[in-house]
Structure formats: structure tokens, C-alpha cells
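Q: What follows is the residue order along each chain.
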Amino acid sequence: MTEWRSGRLEGVRVTEGGDGPLTSVVGQSVLFAKLQDLLAWGRKNSLWPLNFGLSCCFVEMATSFTSVYDVARFGAEVARGSPRQADVLVVSGTVFLKVAPVIKQLYEQMLEPRWVISMGSCSNSGGMFDAYSVVQGVDKFIPVDVYMPGCPPPPHAFMECLLLLQSMVGSERRPLSVHFGPQDVQRPIMPSMRDAKRAERMGQREYPSIDVLPRTDLLSSHFAGQPGGRSKGKS
Amino acid sequence: MTLRASALSDASIAEQSGLLSELMAHCGSDGSLVAVQTTKDGIPTVWIKRQQLRDVLRYVKSELSRPFSMLFDLSATDERLRRNHDGLPIGTFTVFYHLFSFDRNQSLRIKVALDDESLSLPSIIDLWPNADWYEREIFDMFGIRFEGHPFLRRLLMPSWWDGYPLRKDHPSRATEVGMFQLPPDKLDMTQDALQFKPEDWGLPRTYHDRDSDFDYMFINLGPAHTGTHGVLRLVAQLAGEEIVNIVPDIGFHHRSQEKIAERQTWHTFIPYTDRIDYLQGVLNEMPYCLAVERLAGITVPPRAQAIRVMMSEFYRIASHLVWYGTFAGDVGALSPVFYMFNDRERILSIVEAVCGGRMHPNWFRIGGVARDLPIGWDQLVRQFIDWFPERLDDYERLVMDNPILKQRTVGIGVLSREDAIAWGATGPMLRACGLPWDLRKVRPYSGYEQFDFEVPTASNGDCYDRAVVHMLELRQSLRIIRQCLDSMPAGPYTSLDPLATPPLKQHTMQDIETLINHFVGVSWGPVLPPGEAEVSTESSKGQTSYYLTSDGSQFSYRTRIRTPSFAHIQMVPLMARGELLSDLLAVLGSVDYVLSDVDR
Numbered sequence: 001m002t003e004w005r006s007g008r009l010e011g012v013r014v015t016e017g018g019d020g021p022l023t024s025v026v027g028q029s030v031l032f033a034k035l036q037d038l039l040a041w042g043r044k045n046s047l048w049p050l051n052f053g054l055s056c057c058f059v060e061m062a063t064s065f066t067s068v069y070d071v072a073r074f075g076a077e078v079a080r081g082s083p084r085q086a087d088v089l090v091v092s093g094t095v096f097l098k099v100a101p102v103i104k105q106l107y108e109q110m111l112e113p114r115w116v117i118s119m120g121s122c123s124n125s126g127g128m129f130d131a132y133s134v135v136q137g138v139d140k141f142i143p144v145d146v147y148m149p150g151c152p153p154p155p156h157a158f159m160e161c162l163l164l165l166q167s168m169v170g171s172e173r174r175p176l177s178v179h180f181g182p183q184d185v186q187r188p189i190m191p192s193m194r195d196a197k198r199a200e201r202m203g204q205r206e207y208p209s210i211d212v213l214p215r216t217d218l219l220s221s222h223f224a225g226q227p228g229g230r231s232k233g234k235s
Numbered sequence: 236m237t238l239r240a241s242a243l244s245d246a247s248i249a250e251q252s253g254l255l256s257e258l259m260a261h262c263g264s265d266g267s268l269v270a271v272q273t274t275k276d277g278i279p280t281v282w283i284k285r286q287q288l289r290d291v292l293r294y295v296k297s298e299l300s301r302p303f304s305m306l307f308d309l310s311a312t313d314e315r316l317r318r319n320h321d322g323l324p325i326g327t328f329t330v331f332y333h334l335f336s337f338d339r340n341q342s343l344r345i346k347v348a349l350d351d352e353s354l355s356l357p358s359i360i361d362l363w364p365n366a367d368w369y370e371r372e373i374f375d376m377f378g379i380r381f382e383g384h385p386f387l388r389r390l391l392m393p394s395w396w397d398g399y400p401l402r403k404d405h406p407s408r409a410t411e412v413g414m415f416q417l418p419p420d421k422l423d424m425t426q427d428a429l430q431f432k433p434e435d436w437g438l439p440r441t442y443h444d445r446d447s448d449f450d451y452m453f454i455n456l457g458p459a460h461t462g463t464h465g466v467l468r469l470v471a472q473l474a475g476e477e478i479v480n481i482v483p484d485i486g487f488h489h490r491s492q493e494k495i496a497e498r499q500t501w502h503t504f505i506p507y508t509d510r511i512d513y514l515q516g517v518l519n520e521m522p523y524c525l526a527v528e529r530l531a532g533i534t535v536p537p538r539a540q541a542i543r544v545m546m547s548e549f550y551r552i553a554s555h556l557v558w559y560g561t562f563a564g565d566v567g568a569l570s571p572v573f574y575m576f577n578d579r580e581r582i583l584s585i586v587e588a589v590c591g592g593r594m595h596p597n598w599f600r601i602g603g604v605a606r607d608l609p610i611g612w613d614q615l616v617r618q619f620i621d622w623f624p625e626r627l628d629d630y631e632r633l634v635m636d637n638p639i640l641k642q643r644t645v646g647i648g649v650l651s652r653e654d655a656i657a658w659g660a661t662g663p664m665l666r667a668c669g670l671p672w673d674l675r676k677v678r679p680y681s682g683y684e685q686f687d688f689e690v691p692t693a694s695n696g697d698c699y700d701r702a703v704v705h706m707l708e709l710r711q712s713l714r715i716i717r718q719c720l721d722s723m724p725a726g727p728y729t730s731l732d733p734l735a736t737p738p739l740k741q742h743t744m745q746d747i748e749t750l751i752n753h754f755v756g757v758s759w760g761p762v763l764p765p766g767e768a769e770v771s772t773e774s775s776k777g778q779t780s781y782y783l784t785s786d787g788s789q790f791s792y793r794t795r796i797r798t799p800s801f802a803h804i805q806m807v808p809l810m811a812r813g814e815l816l817s818d819l820l821a822v823l824g825s826v827d828y829v830l831s832d833v834d835r
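Same order as they appear, the protein sequences are chains A and B. In case it helps, the numbering used here puts the first sequence at residues 1 to 235. In case it helps, the numbering used here puts the second sequence at residues 236 to 835.
These are calculated hints, taken from the structure and not from any lab test. Fair warning: this is a prediction, and the values are worked out from it, not measured in the lab. One or more hints might be untrue.
A few chain A residues facing chain B, derived, Cβ under 7 Å [what the hints assert, rightly or not]:
1. S67
2. V68
3. V99
4. V102
5. K104
6. D130
7. Y132
8. V134
9. Q136
10. F141
11. V144
12. P152
13. T216
Here are the computed lysine-lysine pairs in the DSSO-like style, where the Cα-Cα straight-line distance is at most 27 Å [said to hold, decoys possible]:
14. B:K432 - B:K421
15. A:K140 - B:K421
16. A:K104 - B:K641
A short, non-exhaustive set of chain A residues, derived as facing chain B with CB atoms under 7 Å [what the hints assert, rightly or not]:
17. F96
18. A131
19. S133
20. V135
21. P154
22. L218
Glycine included, C-beta positions come from ideal geometry on N, C-alpha and C.
Could you put together the complete structure from these sequences and hints?
A: Okay, here's the thing in C-alpha cells:
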């Protein structure tokens, strides 16, 4: 499969036997790919989430939209208020009895192709809220593509799951038209992350101390963004 | 071994007896005062006959000198499984009214016992308008009727729900009642149940008078809406663009925390409190742990108190920053939220370094905190508080001085001080009306009396003033944190009391008694003596209170959680009436609320 990096579609040779200026200009502005691949690539890099939050997890999801995490790097910062314009439903929080029909309706209002990320323990399985008013997992009434553990999952977990979903969406093949080609959706089989990470996790032997802090600089460029265009760390 | 705190200080006993003699003078003669209960929190508690309830409430509200002007909380208890009666006139259900007097700086709890034959009480909506939702909540959760309530129907649970969840015979777990399914017919039924019908709420569809004749427009906002900060639903009745009335619909975030509290041990409920108001972390744990410690008679060592105060103030800043950014966003300023979330990220870095968690730190323990502060905490804290004030100056120019924001918020959603008190407003909502009421100042807890800080107020009670109060509180929190940093007491971080949980590991392997104590404390949980204690604290959004009833077991018999957001969301129609529809989001934004804090 071809892959687009830093503005180029790599692995595609534009012309043979020449490296003049014309070749490089054409190489930067002309794209050769299979239509299916191109569409999958486009879907993958423009996953627009529905702006719908349930509880604690939504705050961490919103945090990943802000500048420290900046989910715009993956083309997923365009949160849509209307389900008609959204591609991904992130069920970010506890699924309550009273809100379950609302989620179901939002999901049905989204146009295909659509995907669902179940964010956090509550949405995965009810989590710590095995209670009369809580549905024990959103997959009881809508299909889920990615399950994200955590209570709540931190923003980088959200981004990891977004990338997982992207890799799935990028390798899905969907029919190009009702008139030709295979009509079914070819979905890749995604590996279980528990299995994929098992060796690394079990091999962990050293853990940081909880009594001595690592050096953290709160004014470092990691926390980007200063109002008024000032230099940071003036004090 | 630390000394056990006495349940009542001498001053509060004197004050209590003064109030009780006044009450006796009024209602002792006709026998309406059935009993006086002694509780561990020192709040005067009297049992009243249900026939005289309205009479007594009217007396303490309007005739008593220095009256009880606020209905702070109102809920009920299912007493049918209660073992320790202590000679009290306990029936099958008890309804309790928690009143508060600003003049006396005192609470009063009035209880009424109900029997199975007569599960009803007269409504007190005409005395305190905020009784509306509290009475509906009791009807929803216990099935107790309130005669004279105009819209007595379910508040939190959906209208098709069968049973009363907080009754002792109602299942607690979802896994007890079979798997949830949503077939098409159930989907249709539940969607139909959400249909809004103006007639149900006494709202006319049309307007007639001599000069004009028009249809009202009903517009639905939520539960999936970007402006409601969660799953809140409001239906606005509009005449043109002007809001005539609003009907809020809540319960989309009801996590049944009060029911869960009855099956968790005292210790293992602490993580659940984090999620009551998920923006303010340990500020939720504070009132719960204080109430448990009051029940158990545990004295918290000074270092633990100071650590609690410091982390609380960090969370207050974090919560206020989220509020500040989203409020600015609600009225159209989209960039501030990015700066404020950056700062929040810095605070969460500190919190993560100390507690190990970000939003849900699970950091307080019964008798202290989970662990001592890590080595190097002071540098991190100092770096933040040296740097942050300058940032607040920036925000002042960026947000508060912004002419567009001022036009959207000054004079919008005005709340008078009388209305604020009558509707149970607390925290920044109340202080924006000019009343310098902050529990950290007027009823200090956890050592707040040792800190030097001011209580910021504003005067107009509009959306802008609520922002001003939040803004100024950020600086006061910084002041408190600096004092914690400069004079953090030495000593243990948790109490050595046998009921403090979990017991210290180093005391475990001494002999069989310490081992048993540790084993029981960790696996079974501490058994608290029977009794009742209520503690309310100043959380980021107002007064949060935990009213715990122990029946002498390792579980709570009843945990009542009074949250500020519940009271404040109930006031939204009051503030929004007469404003334009676009101002509704400014009003909503200015009310600092979190849906999990509303519905619990």
C-alpha cells in the first residue's frame, strides 16, 4: 500500500531517468495511486469525531484537542456538532440508562462509513459502576471498533486509540460504486493489543520510584503556548 | 495514640441548647416536637410530627429571630433495615430537612418519621422554591409523595422506570437485573418518553391578548449539544428570541452514587467520590473523609491536613481553569481555552507526581492521605506558583477586559442575593451576589483557619461577576498553596488511630494484634460506631456535603450527597427568563456545573 509522508506519496515513481527541476515539480504535485487506496488514505487522515461527551473521559478527550497533545496532527481535530458530518463516535464516559436511546439515535444518524471508539472502563463494560442506572458497556446496543482502557484514559491513550483506528480505516477497502467491483467491505483483522504488548510488559523489570520525583520542568516547551506572544519562563 | 476528638465543642452545645429552647418554646407545648437527637456533627436535630411540619418550618424560616433562610438539603432515608434505633421515633421512612441560617452560622436538621400507610408529606415549595427538585428527587428515589407539588414526577430516572432505587429492596447492581437490551420497540418507547409536551409543565402553546396573538416556539437543547458541557437537556419556551421559560431535564448522568455508597466499605467508597464532580478530584474526597473521621472520632495530623489543603487548592485552580476556558468559549472567545488547558496540564503534572493519577487521584484516606509527599515536590510547586500569577495577568487582559465578552455577560443572568439564598446558591454563585460566604473562612475545616486568604466577592450577581469571583479565587488559592509550601508541617501523614484506613504497613508485623488489625482494616474495612455525621466543605462550585449514617457496620447505611451543581442548575430558568436565547449559553456557561455533580 502506498503511504503519504510529509507531503509526498512515497513508493510511487513519477518519472524514470531524470532529476531535473520539472521532475521534482511534478513529483510534488502529481499523485499516482489506486483510487481505492487514495480514498482509504483520505478517510484515514480525516476522521472527524462527533462533539458528544458523556462524563469524565470527555474532559480527557477534549484535553487531547488542546495544544499540549494537539490531535490536529492526525487530522482529527474537526469536532462536529452534527452526527451527519461526523465519522467517529467516541463514547466518552458512563452510558446511562436514560441516555442509551440518545446514543443509539446519534449513531444511527451518522452516515456510513462510521466508527465507534469506546473510551474508558464505563463505556467498555460499566467499569466501577455496576449500578442500576448504568448500561454495562456501550457494545450492548452499538458495535464498537476500538476499546480504550482507563478510568479515565489520559489524552495520549486517546491518541493511541485514534492511531489504531486510523490504521484500521486505512487498510479497509470499500466498494467504489454500486456498479462495479466487490460490494462488500473488506476489513482487516486487527491484532489484540494485549497480545502485541505482552512481551514488552512482562519484560518490564525496572520501575520508577514513587517517592522521588523525576525532574519535570513545568515551563518546558512541552507545555506550548503563551498568550501575548511572550517568552516563556520569564521569572 | 492520638486523642479522640470530642463530638461536640462546648460552644456548639451552648448554641444548640439556645436554639433548642427557642424551638421548645414554640412547639413544645402542642407536642409537635417528638424527640431531640444527638448527632456526631453537633447539628441540632429534632424530630417533628408530620402534621406540624409546615408550621415548624414556617416558624424557623420567618418568625424565629435570626431565621433559617436557606433550605440547604432535603432528602430521605429508608429505615426498614435499621438496627440501632437509639430510642428515636423511627418509622419506615425518614425525611430530613437541612436548613441553614447565615445570621447564626448554624445548621438545623428537622426530621419527620413516616409509616407505610402514609407515605406522603405536605410540599414546602411555597416556603422554599428550591424544594421543587429535592421533593421530586425523593419521590423518584423513595416513592414518597408531596401533597401540593405541582409537577411531582420522576427527576433522575426515566419516566418508564419501575421501582424506587434508594429503597432498600431495590436492586443495586445492573448485573442483578439481567442484561440491558435495546430492541426497536424499546427504543421507540424510550424515545417517546423523552418527548416534551408543554402541557405537562403547565406551559401554554399560544399567547393571546388584545393586541397580539402568537404561538410560542419550543426549542430543545441537549442532551447532545456542544453548549451544555455534558448530557443536560433544556427545553426553552420562546416568544420570538426572548426566553419565557425553561424546563431543565436531568438524570442523563445518574450514576447511582448514593446507592453504591451503601454497598462499598467506608474506605472503598473514596474512589467513587472522585467521580462525583470529576473536575475537582480531591475536593470531593475532603467532605467525605471529614465526615467519616467525625463518625469515627479520628484526629488528622497537621501534616496530613496541610497536604489535603494544598492538593485541594490545586484542584480548585484546575477546575476553575476548565470553567474559565469553557465559559469564554461559550460566549465566543475560542482561544483562551487552549491556554487554560495548558496550565491545567501543568497542574495535572504536579498532581500526577504527587498522587499518581490525573483526574481521579484517590488520594485521601480515612485519617490522612495515601502517602507522604515525594522528594522534590517543593521545587515543582514553587516553579508553578512563581510563574502562574503573570499568566493570570494575561488572562485578565485576554478574557476579562475583552469588550465583546463584557457585552455578552455584563447585566446578563442577574441573580439577586435574596433569590440566591432562597434557591440554595452557594460558592462563587453566592459570592458574586455580594455575600462573602466561604466555608473555609466562616466554618474552617482541615486547618483552613491557619491560612491567610481573602474571600473575593462581586456585587451585581450577573454572568460577568461570577467570572470575576472565579478569577480572584485563583489568586487566593495560589496564596494558600504558597503558605503550604513555606510552612508544611513535619510529622506523620496519616493518623495512628485504629480506625484509620489503611493501617500503616510498618506497624503490621509487630505482633498478631497489629496483623489482625491490618488484615481486617484492609480486607473487611473498618466498622464505624453507629451515628450520623454531616460535613459540608467549600468545593470549587459551592458547598458539597456528605451526610453519613452508620448503623454500626463496615458499610454506610445511608449516604446523602448534597452537591452545589444540582442547586445551581435548578436556578437556570430563574436566571434566564426574559433574556435572549443567545444569552442562555452565557448563563449556562457562567454557572459552574458538572453534570456528574448534578445527577450523582
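Q: Against chain B, run the beta carbon of A:L218 and see if the smallest gap drops under 7 Å.
A: 5 Å, holds
Q: Does the nearest C-beta of chain B fall within a distance shorter than 7 Å of the C-beta of A:D130?
A: Status holds, d = 5 Å.
Q: Holds or violated: are the alpha carbons of B:K432 and B:K421 at most 27 Å from each other?
A: At roughly 20 Å apart (the allowed maximum being 27 Å), B:K421 and B:K432 satisfy the hint.
Q: Is the hinted pair A:K104 and B:K641 satisfied, with a Cα-Cα distance of at most 27 Å?
A: Not OK: A:K104 and B:K641 at ~40 Å, beyond 27 Å, violated.
Q: For the hint on A:V68, does the least C-beta distance to chain B fall short of 7 Å?
A: With Cβ-Cβ at 5 Å, under 7 Å, it holds.
Q: Under 7 Å is the threshold here; is the Cβ of A:F141 close enough to any Cβ of chain B for the hint to stand?
A: 4 Å, holds
Q: Would you settle whether the hint for A:V99 is holds or violated, based on the nearest Cβ-Cβ distance to chain B being less than 7 Å?
A: Result: holds, 4 Å to nearest chain B Cβ.
Q: Would the hint on A:P154 be counted as holding, given a Cβ-Cβ threshold of 7 Å to chain B?
A: 6 Å, holds
Q: Does A:V102 meet its interface restraint, that is, does its C-beta lie within less than 7 Å of any C-beta in chain B?
A: 6 Å, holds
Q: Using 7 Å as the Cβ threshold, decide whether A:V135 counts as touching chain B.
A: Check passed: Cβ of A:V135 comes within 5 Å of chain B, closer than 7 Å.
Q: Verify the interface restraint on A:V144: the C-beta must sit less than 7 Å from at least one C-beta of chain B.
A: Status violated, d = 14 Å.
Q: Does the closest beta carbon of chain B sit nearer than 7 Å to the beta carbon of A:F96?
A: 6 Å, holds
In the structure shown, a violation is registered for the earlier hints numbered 11, 16, in ascending order.
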